[in-house]
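> Chain by chain, the residues run as shown.
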Amino acid sequence: MKAELTRQQYLDLYYYMRLNRAVEDTMTKLFRQNKIVGGLYSSLGQEGISVGTAYALEKKDWLAPMIRNIGALLVKGVPPRDIFTQHMAKYTSPTLGKDGTSHFGDLENLHIVSPISMLGDLIPVMTGVAMAGRYLGQKIVAMTWIGDGGSSTGVFHEGLNFAAVQKAPFVLILENNQWAYSTPVRRQVPIENLADRAKAYGIASYVVDGNDVVAVYQAAKEAVDRARAGEGPILIEAKSMRMRGHAQHDPAEYVPKEMFEYWKQRDPIEQYEKFLLGKKLLDAATKKGLENKIDALLEKDRDFAEASPMPPPELAAQGVYCTGDDCHKVAPKWARDKAEVTPPNSSVVAVWNVQGFGQGKGSGGKNAPIHFGDTPAAQEEAANEGKLAPKTPVKVVSNGTEKSPQKSLNRAATHAGDKKSAKVPAGKARR
Amino acid sequence: MAESKASPSTNGGSPSAGQVTFLEAIKQAMYEEMERDPAVVLLGEDVGVYGGAFKTSEGLLERFGWERVIDTPISESAIIGAACGMSYLGLRPIAEMQFIDFIACCFNQLTNFVAKGHYLWGAPAPMVVRGPSGGGVHGGPFHSANPEMYFVHTPGLKVVYPSTPYDAKGLLKSAIRDNNPVLFFEHKYLYRRIKEELPAGDYTVPLGKAIVRREGKHLTIVSYAAMMHTSLEAADALAQEGIEAEVIDLRTLQPLDEETILQSVRKTNKCLVVHEDTKTGGIAGEIAAILCEKAFGDLDGPLMRVTALDTPVPYAPTLEEYFLPNAKKVFAAAKELARY
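Line order of the protein sequences matches chains A and B.
Going by the numbering used here, the first sequence opens with residue 454, and the numbers climb by one from there.
Going by the numbering used here, the second sequence opens with residue 192, and the numbers climb by one from there.
One should not assume that every hint holds.
Stated by the list, open to error - Cross-link-like lysine-lysine pairs, in silico, DSSO-like; alpha carbons within 27 angstroms at most:
(1) A:Lys674 to A:Lys753
(2) A:Lys786 to B:Lys246
(3) A:Lys733 to A:Lys746
(4) A:Lys717 to A:Lys512
(5) A:Lys791 to B:Lys364
(6) A:Lys786 to A:Lys741
Honestly, the hints are just simulated from the structure, not real lab data.
Let's have the full structure, built from the sequences with the hints guiding it.
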């Protein structure tokens with residue numbers, strides 16, 4: 454089910470990877486000229502991941518980048534000048550100089566959520582974006598990235614688990630670049646493939662060579678399509694290598710030289726260029742044309758950024774709260790009939806409806822240890838229309854007289870005569 | 192303070208005139224806002240089928256369905272994060288903390304992600320985080336906290352802490368309609384202990400406005416939430432001795448209504464702050480600073496405070512009673528202040 458690419462798509466991937474690297478090369482120069490205010494974080498060697506994944510999204514979809522996803526921002530439509538002005542803390546930047554790096558977003562047009570430095574927080578946030586999109590009927594997919602390091606945070610697990618139970622249209626790209634600052638992945642996580650973590654949430658996952666942009670795109674496209682179709686969240690582990698230190702100040706002397714050498718041979722842009730030339734999808738003239746286009750764009754945008762002023766000092770005191778005119782209207786864009794989520798159409802009977810309950814299926818079949826649906830007491834309850842509220846565990850005592858707490862049962866019984874049966878929304882995983 | 196048994200809950204929380212409890216007022220606010228605006232959704236632990244640990248959301252799932260009343264895993268960070276993400280698409284989520292103590296579990300999500308979004312990149316997050324707070328019910332150290340000041344100290348968040356059913360309903364409606372993240376504290380001691388006649392129609396109470404609950408000329412008592420009732424009780428006792436205390440109910444802690452406090456203190460020249468939060472770093476310290484900066488010349492005595500002890504909330508009734516402020520302690524402090 455791998456997506457076939459058109460020549461234009463092949464060339465787009467090439468263009469954005471080259472643009473990504475060129476933007477960062479320009480910023481490295483600016484950094485050395487002391488024109489970058491804070492830190493500079495490189496995605497050298499990981500461009501294929503940012504570009505290949507974001508390229509799988511549609512315009513209406515949402516993404517939230519991490520610090521090394523400049524490429525994803527460029528694909529989504531952010532002009533390089535926004536990235537330059539951000540890093541240079543200019544008043545013309547998307548945050549007016551209030552934050553740097555890739556810490557900016559655009560709710561209204563590009564659908565980008567700004568990251569924060571605390572890793573993993575975007576996972577539940579983008580789960581919420583995905584849930585809201587589904588609720589409004591927009592058929593969007595939400596995507597964000599996390600590193601091998603960030604996958605150890607609590608919120609990674611809280612977020613992915615919640616996305617999974619909600620079957621949210623959400624794709625999480627786990628960029629395994631082997632290093633969390635100075636700590637190698639093997640000292641962080643005791644498993645070979647970080648994608649295996651998906652098993653814990655019952656969601657699909659892929660492992661992909663992060664330095665092969667076409668493979669990354671194809672995996673991401675398939676994942677995005679599946680998420681959009683309602684299959685729930687998907688985790689993609691893209692294996693790659695961070696080819697610089699954590700940030701510019703860090704010479705990364707802790708990385709074995711052979712490791713850099715090994716990965717240098719696998720540079721995603723060089724590999725891809727060879728592939729394109731071999732397939733005659735790219736020729737020298739086209740390449741030169743793209744390079745000229747990138748050079749001209751970056752020169753113009755860099756000049757703009759350099760010429761831009763710093764923010765006026767008193768701006769520091771402004772904008773903490775959204776008050777009247779200083780913030781935009783947040784209006785939901787309904788793409789479904791509101792009546793579906795408005796009473797009386799929205800009204801349901803509030804009881805849990807557990808699939809397979811009473812048939813020994815809900816818990817993995819007859820060989821599973823004792824669970825709901827496997828006990829004599831539960832069989833007895835199942836006769837009651839198969840509807841129970843297993844909010845609290847069914848307690849089975851030896852003589853078989855004590856059952857579920859009456860409170861839950863009474864509650865279910867109260868609504869037994871109601872006209873509608875319990876509906877489990879599409880978002881509630883039925884498995 | 193008026194104490195009465197809880198009224199039987201009207202399933203579905205349909206709006207009606209008449210005596211309603213604090214808890215019922217909150218349910219009515221959510222119910223009416225969800226009726227009014229399909230962008231309003233509720234998510235939290237056990238808020239759906241079970242109707243919430245305190246039954247504040249009872250009947251909402253039946254009325255508004257699974258997509259709008261969302262039972263979540265025990266994942267406070269996921270609840271707050273998801274609510275924030277939802278707000279970016281124009282929804283107005285209400286996120287419930289089963290007990291407000293558990294808000295500590297999502298501190299980062301709230302203070303770093305939600306609170307800073309508008310300042311940094313212009314992203315308003317119209318969401319409400321609400322939950323039962325406060326002590327006096329022997330809930331122990333993890334079910335009795337008053338963690339409001341962590342969030343008062345966080346630019347970007349609003350903090351509301353009502354004391355009456357009328358205010359609870361009107362302020363919660365304002366919080367839901369506000370374009371900023373609002374933390375809404377519900378003192379659980381008040382849930383079923385006070386009742387009030389509420390108007391039948393839609394009404395709101397504005398955020399950031401304190402109210403004078405009792406007029407007086409000898410000293411000002413500033414308080415909020417359950418301690419507002421304690422302060423009124425003390426004020427009645429003080430009146431027996433000829434001391435007329437003015438009692439101000441802050442209602443909103445962030446933004447703080449400085450003007451109402453200053454106006455009163457300029458009249459009474461004395462100020463006592465009573466809060467159930469622990470002493471160090473409580474709002475009393477902030478009010479003391481404001482009075483020193485803006486009404487120093489008006490003060491005839493020191494700012495005094497009656498607060499909980501600087502300890503965790505203890506479990507045993509004897510310990511908790513010792514830990515909490517009460518009308519006696521307020522009365523004693525006010526008498527001392529009145530002597531200046």
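> Flag every earlier hint the structure violates by its number, smallest first.
1, 2, 4 and 6
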